[in-house]
Amino acid sequence: MIRTDVIIIGGGATGCGIARDLALRGVPHCLVEKGDFANGATGACHGLLHSGGRYVVNDKEAASECISENAILRKIAQKCVEKTGGLFVRLPGDSKRYRDAFLKNCEEVGIATTVLSPTRALDLVPELNPAIEEAISVPDCSIDPFRLCMLNAYTSRRKGGDILIHHRVIGVVREKGVCVGVTVEDRSSSEVKEIRGKVIINASGAWGDAVARMGGSGVPMTLSKGSLIIANHRLTNLVVNRLRPPSDGDIIVPNEAVCLAGTTSVTVDDPDSIEVDPREVDLVATQAEQMIPRFGTTRLIRAYTGVRPLLKADSPDSRNISRGFRIIDHENGMISIMGGKLSTYRLMAEKTVDAVMGKFGTKARCRTAELPLDGQDELTGYPLSKRLKSIDSIVCECELVDRETVENTINSLGTGYIGDIQHRTRLGMGPCQGGFCTYRALGIMQETGRMSPTESIETLKAFLQRRFRGIRPALWGDQLREEQLVESIYLGILNMGNRP
Amino acid sequence: MSAYEYDVVVVGGGVSGITAALTLAEKGLKVALISKGDPVCCLSTGCVDVMTGEGDPWQKIGELPAGHPYVKAGDDALRDGLVFFLRIMEEQGLPYVGSLTENRPIITPIGTVKHTCLVPVTMAASDLAKSERLHVVSFKGIKDFYPSYLTNGISRSSFSVFDAGISTTLGIASRFEDEGFLGRFISWLQDTENPHDRIAVPAVLGLRDPVKVMERISKAMGRPVFEIPTLPPSIPGLRLFRALKGALQAKGGHLYWGKGVSSIERQGSEIEAVTLATAGRAARVQGRAFILATGSFVSGGLYAGRDAVRETVFGLPVFVPGERREWFHAQFFTPGHAIEKAGIVVDDCFRPAGGKLKNLYVCGSILAESEVMKNQCGHGLAIATGVAAARMCARGLA
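Those protein sequence lines, which keep their order, are chains Z and U. Our numbering puts the last residue of the first sequence at 500; the count rises by one with no breaks. Our numbering puts the last residue of the second sequence at 898; the count rises by one with no breaks.
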């Protein structure tokens, strides 16, 4: 049994941010996450560090939170934030009144703007639709959500926090109606462990209601699915937003060598069974190509989807911290943190930990806004110079990941999860989406003895099915061509197909 | 512009196109073959899959729907085509073996068994009996070949790893051309290998004369040696392609290699000529008849846009199975996506249906309803339809 003070459920940005906050305030804690970091909405978002411009017309409070967190994260998370800058572009027919409100509110909230002529905007982003009326620059950034989670968790681990990924909460231990711990299942060994703590923080996003129910309460939520697509080129170096009320497919974000466009908004029931509908792909692509015409003809490498955990509007037992997120004290030893967005994860963590400190009656001050994230030098990803170190043993040709890097990652994590390697090295993130290199990474994994050859093939099968799920909604053009080649390898040469 | 005149111009340099061209060249016709580059058969195992699974492939062909190209081509075209193929390969020094009525097993790189019809002689000894002990040889640093998958899947087997000083399949295959290298490999194998019944090697035993390399190793070791086809780039696929291309050149076929068709000249219901995009000046290639053998999506004969599928050379109408969201079902490992049916619908003479073009014939995986992946009938279908289209074409010219 593990004994700690605070149990955090959920390894998204919020959960990891809470772990770091607790670590810096000297509170023992244990975080459990059923998958890898950023498994839910955190990993399935745009990777946009909002300036607040997106919200400024309809929700000034949220916009204000965004711009102050934006300034903080630029400072403390330099290695996972790319200071791209952003544009809001107005196309013919887009409301001028919205534009005026936008500029006025930005000024009030403190979001720095510059109005740019089409020529100036096209200088910055040559792929922009030349028909734009004007563009307004804002301090939007792109952010790597996965690295953000890892860096937050890094501080926690360094200060003695327990971070258990691939551990699923299977029950909440209650004594006299009070939550005193959780039972978790280690998904690689199926071992069941018990963790006891004084407070349980439910930061499980779309799974929040299910977790709260295990504790005897509940969180009324609306689940909204948002789907995004990835184009195989960095068509813009700046974030590009549509200058109109928030709607489908109105944001394009550059990320490493690619760019992402999204999203959609569809109400769903079950966060575990969501799929991208090809019609959503068409919708987002059609909207994105209005801002950047070449988005419509660029090869799409994948579509993905996540679930926004929105709180139902008038939940009686919630304490409204802001319109962006809420902290709910279930008064049974569990606190739920719900709603919000990636850009304000640190603030959400701060407010949640403040609530916990109130319960403990201690007063350690939050320091997460002042101190840079630890571990940024160690976890800087792989610059091209490092990736080209041993060109002869390249495992992933798209992202230039060599065998030594794969082996080191396997050994340092002791992992049997292919996703862990992909997230940390970018293996399989390129155009073929792991169609060629995952077979190799798993071949290496079984050679290191981390898994048996049989397990390795089973893992490969599961990966290929998961991969296909992401690729299938956006299959045409060159991606379809490559997909049929991948199919011919696994179903043809390796004969792995199901036969009737 | 340079201008050339042929009886038949074949567009597409894969197995179906070369088979059609060879068939016509053997009939004494003046044949040209145009290809953008090395065909996708270079990515294949090199084996001739006729129809999926164990047993008699003809039985499963008998169950195909009437619109399937095999049914259109008829049993004779397939049988004659396979016999023809065996003869051509024998002539080219790359003999194939296999029974036309009984699929045979080969071993895949993950240790599973796959059944196919004709295999290169270097894979003939893949029919390992359960009681036999197998030794697998791998090469240091080689990608896509993990011998522990094989030893895990095959009982009574072991492996050892040879350092060839290079790790690509093409690089290792080139080294096997060298006597000294082969000698060093053999003495290493004699030193390291325990007594086993057979020896398996990834398919890298030379480029030009793999049979000689295999026989040398086999003789020195006193037991059968066989190759395991690898993932692309595949050396047996490359050998197959080179042998077919060599055969066509030997029979007087004219090759336009590395060139795409840039424009078409049409006179009424006949194609008159195509122009090739070449460096320097354009070439006009005139033919009395044309054969389209550009393959499906992977080879670029078909291109799927967001809303429509087009045929990339002549702009022929393409049969498309439903809307885009219906092209792929959800299960990666269950073959039979609807998109596999996409292609050119032809009449009984292998001409595009509708009768608008009288001197154009179509063969290979670009044909509608072929479902190559589902049926695992790639090279078999290419050979059968290549022969059938060529025969129709010859008849049309007579």
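None of these hints come from the bench; they were simulated from the model. Each residue gets a CB set at the ideal place from its N, CA and C atoms; glycine is no exception. Any given hint could turn out to be false.
Here are the in silico distance ranges between beta carbons for each label pair [claimed, not checked]:
1) U:Ala808 - Z:Gly93: 25 to 31 Å
2) Z:Arg97 - U:Glu823: 53 to 59 Å
3) U:Ala779 - Z:Tyr98: 50 to 56 Å
4) Z:Gly414 - U:Gln831: 30 to 36 Å
5) U:Ala808 - Z:Lys193: 52 to 58 Å
6) Z:Ser390 - U:Ala808: 42 to 48 Å
Hint by hint, here is what the structure shows:
| no. | hint | in the structure |
| --- | --- | --- |
| 1 | U:Ala808 - Z:Gly93: 25 to 31 Å | 28 Å, holds |
| 2 | Z:Arg97 - U:Glu823: 53 to 59 Å | 39 Å, violated |
| 3 | U:Ala779 - Z:Tyr98: 50 to 56 Å | 54 Å, holds |
| 4 | Z:Gly414 - U:Gln831: 30 to 36 Å | 32 Å, holds |
| 5 | U:Ala808 - Z:Lys193: 52 to 58 Å | 55 Å, holds |
| 6 | Z:Ser390 - U:Ala808: 42 to 48 Å | 44 Å, holds |
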